[in-house]
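Chemist: Now for the letters of each chain:
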Amino acid sequence: GEDVEQSLFLSVREGDSSVINCTYTDSSSTYLYWYKQEPGAGLQLLTYIFSNMDMKQDQRLTVLLNKKDKHLSLRIADTQTGDSAIYFCAEMSPQTGANNLFFGTGTRLTVIP
Amino acid sequence: DTEVTQTPKHLVMGMTNKKSLKCEQHMGHRAMYWYKQKAKKPPELMFVYSYEKLSINESVPSRFSPECPNSSLLNLHLHALQPEDSALYLCASSQDPGLAVTQETQYFGPGTRLLVL
Numbered sequence: 003g004e005d006v007e008q009s010l011f012l013s014v015r016e017g018d019s020s021v022i023n024c025t026y027t028d029s030s031s032t033y034l035y036w037y038k039q040e041p042g043a044g045l046q047l048l049t050y051i052f053s054n055m056d057m058k059q060d061q062r063l064t065v066l067l068n069k070k071d072k073h074l075s076l077r078i079a080d081t082q083t084g085d086s087a088i089y090f091c092a093e094m095s096p097q098t099g100a101n102n103l104f105f106g107t108g109t110r111l112t113v114i115p
Numbered sequence: 020d021t022e023v024t025q026t027p028k029h030l031v032m033g034m035t036n037k038k039s040l041k042c043e044q045h046m047g048h049r050a051m052y053w054y055k056q057k058a059k060k061p062p063e064l065m066f067v068y069s070y071e072k073l074s075i076n077e078s079v080p081s082r083f084s085p086e087c088p089n090s091s092l093l094n095l096h097l098h099a100l101q102p103e104d105s106a107l108y109l110c111a112s113s114q115d116p117g118l119a120v121t122q123e124t125q126y127f128g129p130g131t132r133l134l135v136l
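Chains A and B, in that order, are what the protein sequence lines are. Take any residue in the first sequence, note its place counting from 1, add 2, and you have its number in our numbering. Take any residue in the second sequence, note its place counting from 1, add 19, and you have its number in our numbering.
Looking at chain A on its own, in the form it has when it is part of the complex:
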């Protein structure tokens, strides 16, 4: 199956680190993604990680992948009020001709000034 689960809400204080977690079920997933969605807007690609990696860092963002446990996390260092948004993890399962993205439920991050 392609169940992707996330906790619904996370609140952090400005300047603290945020950690958003995601679990997935499809062991054939090739890429795992993090997208950010601000209110009323589309999805902004933040970062992705290939399934044969266990960590990827990109400025304030760190992605950790535990393939054995099918657990993915996104750490945002020095969280700012502009980081308040919904964060979706998504897994890609290979298919012939096109690749499907399966999204998690989304985590609403609220940054308290």
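All clues given are correct.
Keeping only pairs whose Cα atoms sit at most 25 Å apart, straight-line, the calculated DSS-like set for lysine-lysine is:
| id | chain 1 | residue 1 | chain 2 | residue 2 |
| --- | --- | --- | --- | --- |
| 1 | A | 38 | B | 28 |
| 2 | A | 38 | B | 60 |
| 3 | B | 60 | A | 72 |
| 4 | B | 41 | B | 60 |
| 5 | A | 72 | A | 38 |
| 6 | B | 72 | B | 55 |
| 7 | B | 59 | A | 38 |
| 8 | A | 38 | B | 57 |
| 9 | B | 41 | A | 38 |
| 10 | B | 72 | B | 37 |
| 11 | B | 55 | A | 38 |
Worth flagging that the hints you see were computed from the coordinates, not collected in a lab.
Assemble the complex: chain A is given as a structure, and chain B must be docked to it using the hints.
Modeler: Only chain B this time, still in chain A's reference frame:
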């Protein structure tokens, strides 16, 4: 440039109307996607076009009709919609389906917010 544009930004239509949503990308991507997103829910895949051919239709009702006139454009024609079809409709594109997975990353447009009365 990783921009996908969508028009209109907002659309209000009656159940007897016919309207179209448009999506455009100039990144040379050969796969384009329509997603539907209800409030407080993740996006759900509707259609995938790969090299201008419909490759995936996720059992979407026929009142939604996709069209891919060329590799840069994707339309979604709407007819006789129901109030429950009100949602944010997102378009996405990716470089080249079926090849290296590095080219599968999907880039999303800002969406069209549709309200059916």
